[in-house]
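Protein sequences appear in the order of chains S and E.
Heads up: the first sequence is residues 1 to 246, going by this note's numbering.
Heads up: the second sequence is residues 1001 to 1444, going by this note's numbering.
One thing to keep in mind: the hints can contain errors.
What follows is a list of derived Cβ distance ranges for each label pair [claimed, not checked]: (1) S:86 <-> E:1082: 51 to 57 Å; (2) S:235 <-> E:1040: 32 to 38 Å; (3) S:167 <-> E:1040: 41 to 47 Å; (4) E:1285 <-> S:199: 47 to 53 Å; (5) E:1079 <-> S:1: 38 to 44 Å; (6) E:1071 <-> S:222: 34 to 40 Å; (7) E:1235 <-> S:40: 45 to 51 Å; (8) S:167 <-> E:1023: 57 to 63 Å; (9) E:1172 <-> S:72: 53 to 59 Å; (10) E:1071 <-> S:40: 28 to 34 Å; (11) E:1280 <-> S:144: 55 to 61 Å; (12) E:1185 <-> S:40: 53 to 59 Å.
These aren't lab readings, by the way, just hints derived from the structure by calculation.
Computed from a predicted model, the values in this text were never measured in an experiment.
Note that beta-carbon positions come from the ideal geometry of N, C-alpha and C, so glycine has one too.
Okay, here's what each chain looks like letter by letter:
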Amino acid sequence: MSIEPTNLTAQLHHRAAGNPPSTLPDSAISNCFPGLEFDFRNVWRRLLEGIVLHEASGFVVGAESPHERLAGRYLLSVAGFPTLMEVRNPNGDAQGSTFMEWSNALADVVALHSGEPVPCVFFDPQNPDADPETVQLSVRAMFVPSEATDGSTAAIGEELVQPGELTQSLCSPWQNDYQECGCYYWAASRPDYVNVEHTATGAIGNNWLARSRDPKRYDVPNLTHEELFREWEDLLRFIVGGQDAQ
Amino acid sequence: MRSELLAQSAPLSADAHLVDSGEGLHLLIPNGNRLYEIDADVHARIDRLLRAGDETGVTALLEDLGVDAPRYVDDNPPHEPPVRALSLAVAQKCNLGCSYCYAEGGSFGGPATSMALQTALASVDLLFGDVHAGERVNLSFLGGEPLLNRAVIHAATQRALQIAAERGAQVTFSITTNGTQLTPSDGEFFEQHGFAVTVSLDGPGAVHDRLRPFRSGRGSYDRVIARVVPLLERQRRMQVSARVTVTPHNLDLKETLDAFVALGFHSVGFSPLLHAPTGQHELDGAGLEAMLEEMVRCGAEFERRVIAGERYPFANAVNAMREIHRGTHRPYPCGAGAGYFGVSAEGELAACHRFVGDEAGALGDLAGGVDRERQARWLSERHVHRQEPCRSCWARYMCGGGCHHEVIARDRPACGYIRGWLHWCIGTYARLSQRRPDYFAAGP
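One chain only, chain E, in its complex shape (with noise of 0.2 Å):
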């Protein structure tokens, strides 16, 4: 099945993608991501086409079924965006001792570090820095382990609902935390602030402890899931998340997802382990493979569940269904060095999150603001026109080429997996839209 889907998926054409979901027959059209459905004539056309080779065929066919269009993505990066994203590395320092961790242990492999509270409230001043009423903004806590400095979190908050009140703008806020510190207060806090909380968990138990132990050795499991679910049963702003990495060893995510979505999480999304500092459980090609064949797994349920009316967040299938829904088509895989910035607890400011402490990433400080020049160019450089393969690839647009941080540190040796669940998706897309429109209608 694995290999009939990444062969069903491979790139023929920039410009046209077929897909067979079983009860139809579908066209993607990159330029866009528009979706059609067509009859066998079109299909096999279409086919022929593709197999041959024949870009000049497939404009030409387009053309002809009055579906072609300007492009909806140029070559221009957008010029000097506004910050509207901050993720403060509030503690670039770890209780936990996971192996693959980008952040090698927390510390971005420098000294173990916690941002000062003046480094936190100026991160807040630039958040808001050309804000104006009715805009919104989002303020995130990572580390390390941000909870390990907790002060700061706070009153950076506190700080930011101030400016936001002042201005009459909206600020979100969102956390990602190793669950081993928190507290019922921090629930609280959460709570009254509506914060996303996202949990980093690899599976049930024992699964979870080889992945993500403490420093000495002994599993977290148990202490993360006494500290969360207390959390899980208040959520009534907050949304608590899971987020599991996914290595050569927790690949059973079908169990993890129900065992998970069971326990009351608001989603739980899979994310596969691409590059480590350490080299340690990174996903190669047959993995990645064993990795897709799992997600259609979950990605079947998903679909039954809908289709049987029921809630079953399946994070991936469900931003998947979104993004597809409305045609998001997009020259870059995430906000990042654009309106979304990482801070280091020195005060740096780099691409996001991952590239804390990285001069690949790094686009300026708090003193002198985001650096235009180096933003520019970092903007020009990562656009998905300039990256290769992507220039002809269908997927490019929704993808948007690929995290910066894995593609820059392991180039691309995702692709078949990113496409194959992308083709998946569309798949189950095209169904849930005929037996579930109501599902679509409201606007997930």
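Just chain S, same shape as in the assembly (with noise of 0.2 Å):
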């Protein structure tokens, strides 16, 4: 039995054969729970005009004029906020610090300073003996104001993220998770079952990662992560303009 899509309404809803409803754009995970099609770590990066932040640490990773020097730091608080919080384990014993999440160390910040300047402290592992430096820095409006809404908007402010920037993080074709999410799993939006026919006796088709396509079955060796890492353009077999590209 054949059945292809035709207009567009049926291409939405196309759903290779063999494969569960959440790999269609309208009942996959990114859908139900709005944010995973993105990293909204993100969009703290470049929350503090002139600097870039690692989206996961406080690690500066690029600093414009004036601040060029501050690239390579780690931003240790921003209006008095702290980003680091001690770290203790169930015994009370102090395991060191780490970074907190963007969003429960910087909230306080967007919600009281936007649009300020505001005394940012750095720490410079390369001279860990001198004294952090204090550096006003001013706070980016995270959203984009709106005179209709007599106020802010829910659309995140041009500067804070360059194109691409959202997404950067996610789990790539050359990235660990990639292969770790099954089409169950939301950064999977992608059939794990290829190539699918009906036969008397049931479907028989490729495992979507299959290392060969020959014999047609899915219990067959895979590509493993590193050669993902290191060849996905080529091993993955991807549809370009209508062609299989290998």
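Two chains, each in its own frame: build the complex with the hints.
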């Protein structure tokens, strides 16, 4: 039996044979839990004018004039709010410190100081004995203001993220999670069972990670993580312009 | 041929409809108006189930094929939708005497009246009531013959432009006219503001004159054409279209279409006359079958021209191709009584321009705004899930249940015609999407 989508609603609802409903755009986990289709941590990286932070720590990955010297340092606090917190084990023993997730560390800064310069304290790992330096940096507005809504909107300010940055830390083909997340998990908006044909004795098809498509069966040796990291463009057999790339 | 098309388009199931385009076999799933190309095996299985009336079997097979889906359209009407389009009956009077007119000579069965300036301006204020930056509204002028009250059209247009500029909103304008009153300065005004101008024309020459005479009985065609042609020549921003009301007396649609396309109309569309207050010239079953045959003739020419890469603005086909391609699925035939209202000369809100002065479609007034209670009842009762026999028809989310005004007045005499035309259009779409995918890639 063959059935192929023709018009746009049919194309949007296309579910590759043998795959679960969660591979459809409207039932994928990313549609049920808004936010999982991009990595929200990235909107915090450019909150402070002049520097770019790592999405998961206070490490300064980039800095513009006149703050070039801040690149490579660690941000310890903003407007008096610490970015680090002490970690203790269940026995109460000190285990060092860790950076808080940005939404926890900087929510108050956004609420109280958007558009204002605030004192930011930096630690220089190249010079660990020096006192941390305090620098005044302005806090960017996180959301686009709108007169129509008498205030803020849910739209993220353009200065906060560059094109591509919202998705750059998701599980991409060259990343570990791409293989770990099967089609039942949010990160995998793709089928696991491909080139499926119906036969009198059941369906036959390829495992999407099969090293070879011949024989056409699911339980065959798979690509390894390392093979994917190194050669994902060739091994994943992308369809480009309607043609199998391989 | 016509009876064949009627048989092929018969409503065998609410959940599936088969179309043989001659070049392929196709399955339309009304839930989402999704269209699929299928092989002979799938076609035979579904065909067997449809002919046996086995709805359970159809459902099971769609599940097996992996094309079952949650309901795209639920039973709930939209809740207090914002006003986004108004048509102003600026002149409830007319200089023509068309015997089939739904407005009964333009005055909707009452005395001839004109909309006062303040009423028109208050309408514009209602239209922009809760419009924010970036949103778009439409203001249209109808009647009767709207150009009998030109000054109010100009004032309302200027007011709308002013408010739109203040709000950062967009406003588009349209007017439906009999064409007899058009002047060069009207053309200039419409061009300046990008009006969509619809001219009612029922065919070339004597065909039009018979159906759309002046009140004196004299034909109006020569006058209309003399006035419209200068507008056709200066179309840049404005779009001047012809709208043909089809009766038993003007069924040569292909000739009419070609004549009006040759004149330079932006588009030409046909609507069957299903209900006239006088009962005159309504199409009966045989008339609708004849119209379907003519529509197919026009549709075949449209297909040939598209394949040849030529422009052929047969509005019914152009619109059908766009909607089928998108898979548009809707529980109403139009926005009447939801985001769209007609405003009478006296400032009453009606479900649309046709319901002016009609209690059945009364939904508030300018002073009190939309009567939300009546609107909720209207939207609930008019939902296609509440209509019979629509609930069991494959075309229900394409047709939306048919024009409310006609259905309330005359029930649904045209279902066979509508299904036959849509069935034909699905086949045309399937062929064109193979032969001229670029036609759809451009996003018509």
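Any hints this thing doesn't respect? Which numbers, in order? 8
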